[in-house]
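Undergrad: The primary structure of each chain is shown beneath.
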Amino acid sequence: MINLKARETRTLVAVHGWAGALLGLLLYAVIVTGTAAVFANEIKAWSGGLLGTSEPLSQPLHAVLARLEAETPAQFREDLSLRATPAGNVWVFFHTDETINGARRERGILTTIGPEGRIVSRAEGFGNELAANDPFTALGRFYVDLHVRLHLPNPWGLILTGILGLAMLVAAVSGILMHRHLFRDIFILRGRDRLVGLRDLHSVAGTWTLPHAFVLAFTGAYLSFTIAVALPMLAKIAFKGDVRAMVTTLNGMPMVDPRPAVSANLDDILSDARRRADAPLLFAAWENRGRADARITVFPAPRRGDLSASRLIYNGATGELIRERPIVGTKPSLGASLLGLIGPVHFGNFAGWWSRAVWFALGAASAYVAWSGLNLWVRRRADQRGWRVLGRVTAWVGGGLPFAMAAAAAAYFISLPSLASVFWTPAAFLIAAALAVVPALRMRSIERVPPLLFGATGVLLMALPLLRAAAGGPNWRAALATGQSAVPVMDVLVALGGVVCVLSATMALRTREPAAFDAGSFVQSAE
Amino acid sequence: MAAANSSIAEPGRLHPWLRALLAGPCAVGLTVLIIAVMPFWVPKGSGGVDHIALPLFFMPAIWGLIFFYALLDRSLGRIVIIMTGIAVIHLIALRAILFG
Chain A
1 MINLKARETR TLVAVHGWAG ALLGLLLYAV IVTGTAAVFA NEIKAWSGGL
51 LGTSEPLSQP LHAVLARLEA ETPAQFREDL SLRATPAGNV WVFFHTDETI
101 NGARRERGIL TTIGPEGRIV SRAEGFGNEL AANDPFTALG RFYVDLHVRL
151 HLPNPWGLIL TGILGLAMLV AAVSGILMHR HLFRDIFILR GRDRLVGLRD
201 LHSVAGTWTL PHAFVLAFTG AYLSFTIAVA LPMLAKIAFK GDVRAMVTTL
251 NGMPMVDPRP AVSANLDDIL SDARRRADAP LLFAAWENRG RADARITVFP
301 APRRGDLSAS RLIYNGATGE LIRERPIVGT KPSLGASLLG LIGPVHFGNF
351 AGWWSRAVWF ALGAASAYVA WSGLNLWVRR RADQRGWRVL GRVTAWVGGG
401 LPFAMAAAAA AYFISLPSLA SVFWTPAAFL IAAALAVVPA LRMRSIERVP
451 PLLFGATGVL LMALPLLRAA AGGPNWRAAL ATGQSAVPVM DVLVALGGVV
501 CVLSATMALR TREPAAFDAG SFVQSAE
Chain B
1 MAAANSSIAE PGRLHPWLRA LLAGPCAVGL TVLIIAVMPF WVPKGSGGVD
51 HIALPLFFMP AIWGLIFFYA LLDRSLGRIV IIMTGIAVIH LIALRAILFG
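Heads up: the protein sequence lines correspond to chains A and B, in order. Here the first sequence stands for residues 1 to 527, where the numbers follow our numbering. Here the second sequence stands for residues 1 to 100, where the numbers follow our numbering.
Simulated from the structure, these hints should not be mistaken for lab results. Take the hints with a grain of salt, since some may be wrong.
Stated by the list, open to error - Counterexamples of contact, computed for chain A against chain B with all Cβ distances above 10 Å: (1) Glu8; (2) Leu169; (3) Arg295; (4) Glu320.
Claimed, not checked - For lysine-lysine, the following DSSO-like pairs were computed, each having C-alpha atoms within a straight-line distance of at most 30 Å: (5) A/Lys236 to A/Lys331; (6) A/Lys331 to B/Lys44; (7) B/Lys44 to A/Lys236; (8) B/Lys44 to A/Lys240; (9) A/Lys240 to A/Lys331.
What you are looking at is a predicted structure, and each value in this text was computed from that prediction instead of being measured. Each residue gets a CB set at the ideal place from its N, CA and C atoms; glycine is no exception.
Next comes chain A alone, as it looks inside the complex (with noise of 0.2 Å):
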């Protein structure tokens, strides 16, 4: 272990605490959502109701485009770009750039195609906002936003959660430091009821949470910081504020060529694609249709026991490949390999289900560890009133944030008949987290609040299989015919994640927490 001086130590313990104390909450709700949006794509499945097929962008596509470009206007003609929903249809957007205020904005029309072809549904609009107000994706966009930019404007979300990630790599560094008996301490476990345990289970989960939260604070760091902050100086600077140039430099040089030609043949390019990459197709992008200089960038995910995979360029008039490259750049090199890293991990989506179970339950200690540092830093100054309104917040949010969560997932099933859970999900958010305020404030002893909220919790998560059943959710059958086994799966999921929660708040609202916190103090013990 590193050995520390005395006073060093101090240091790193008082950085530490107030790291937790002052950004603590926020980032137990950033730990919380990212740990749900773990699941985003099965969630959005689950909940989406929309049964598509097991890879849809391997489906016939050419008849049905032909078709719908020759209903859409020739302004939007230009571009086109297809994606592979999680419920398994295809989002087919035919759209052209508009500058608004300065900014590059898509305008087209979004149509969404089901099996063989049949139109679900079709609106015309800007491209992020006809996304965000899909009624069937609502519940996991809900979720991943919030962790994401806790549905703060850009870029000061991003900007916030990129300082909350900078919280959490100094909260795990300075754990790991402060720690003279790292390895003996991660076995010690005194009992659950009194402030020593408290503190033994919170250095117990740290430490075994450690490398993964090391990793997620790290690359959810960059993840914030480079789209809010980095690439817009480095285009400024390296770039002479070129943006063009430097998504040249990191995309490839693009041939222009006006000239009108004649269109490949989509099917033909997908079906070549998807036999290059061995993989599903998850995204298509067909730039300047119709001319002599058109692009068709496929998006494949990565092959079985890849991290990441090549993009794939196909021209859009004579149907061949021009290349393949790597995330960024148009070579392998250094730095595409380091940036091809930081979604998987940072995701968990490198080994299917196991990876993502692993990072669930990972990032569902990770809460419990950045909720009981505060609990310790709160329960050590119990005699303070300011630091003991801290802790009726800890209780309010540690507990309430899961119950809102739920209660905005149980009002999105109710509300999707009607096709308004794009407004109910985050209002049933709101409203479920307001309702938590009134025990947070009320019960005399604190340490009740958040096993009842639990409890709640468990209540509306086992209830929510029945709501999507109610709101006319696929079957079982029916979904495993379609090869959609996130429904079943998530159902399971769900419900026992409900019997976990009612069980451990019983088992918590059944035992009497002493009222003494006069056990050993954190410094002392980590000194």
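Given chain A, put chain B in place with the hints provided.
TA: Frame of chain A, contents of chain B only:
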């Protein structure tokens, strides 16, 4: 005697704030400066993008190193000298890049 004690205690009270200033806003500012200049000395690599990708990837690590250094080095004077030295070198480089 009391006056003498008070004059001795004054720097002691300032030290935590100075360290917080160095580990907080100064560490952020220095990280931004280093990231801004890195594309001009990091090799472009085989894919021609390493000079952009590596500063982005290592940004949290660069900030973390500066933060913990400013937190743990006992000599505030040494922290000020080292951080100022790095900042001045990068400011000169940045000035040459932008206006040179």
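Undergrad: Compare the structure with each hint and give your call.
TA: Hint check results:
1. With a least CB separation of 5 Å from chain B, A/Glu8 falls inside the 10 Å interface cut-off, contrary to its annotation.
2. Not every CB of chain B lies more than 10 Å from the CB of A/Leu169, the least distance being 6 Å, so the non-interface label is violated.
3. Interface exclusion of A/Arg295 from chain B stands, the closest Cβ pair being 19 Å apart, more than 10 Å.
4. For A/Glu320, the non-interface assignment is confirmed: its Cβ lies about 22 Å from the closest Cβ of chain B, beyond the 10 Å cut-off.
5. As the CA atoms of A/Lys236 and A/Lys331 are separated by approximately 25 Å, the hinted pair is consistent with the 30 Å bound.
6. With a CA separation close to 12 Å, the supplied pair A/Lys331 and B/Lys44 stays within the 30 Å bound.
7. Among the hinted pairs, B/Lys44 with A/Lys236 is consistent with the structure: their alpha-carbon atoms are about 18 Å apart, no more than 30 Å.
8. Proximity of B/Lys44 to A/Lys240 is assessed by CA-CA distance (about 18 Å); at most 30 Å being required, the pair is judged to hold.
9. Restraint check: the Cα-Cα separation between A/Lys240 and A/Lys331 comes to about 24 Å, which is no more than 30 Å; the hinted pair holds.
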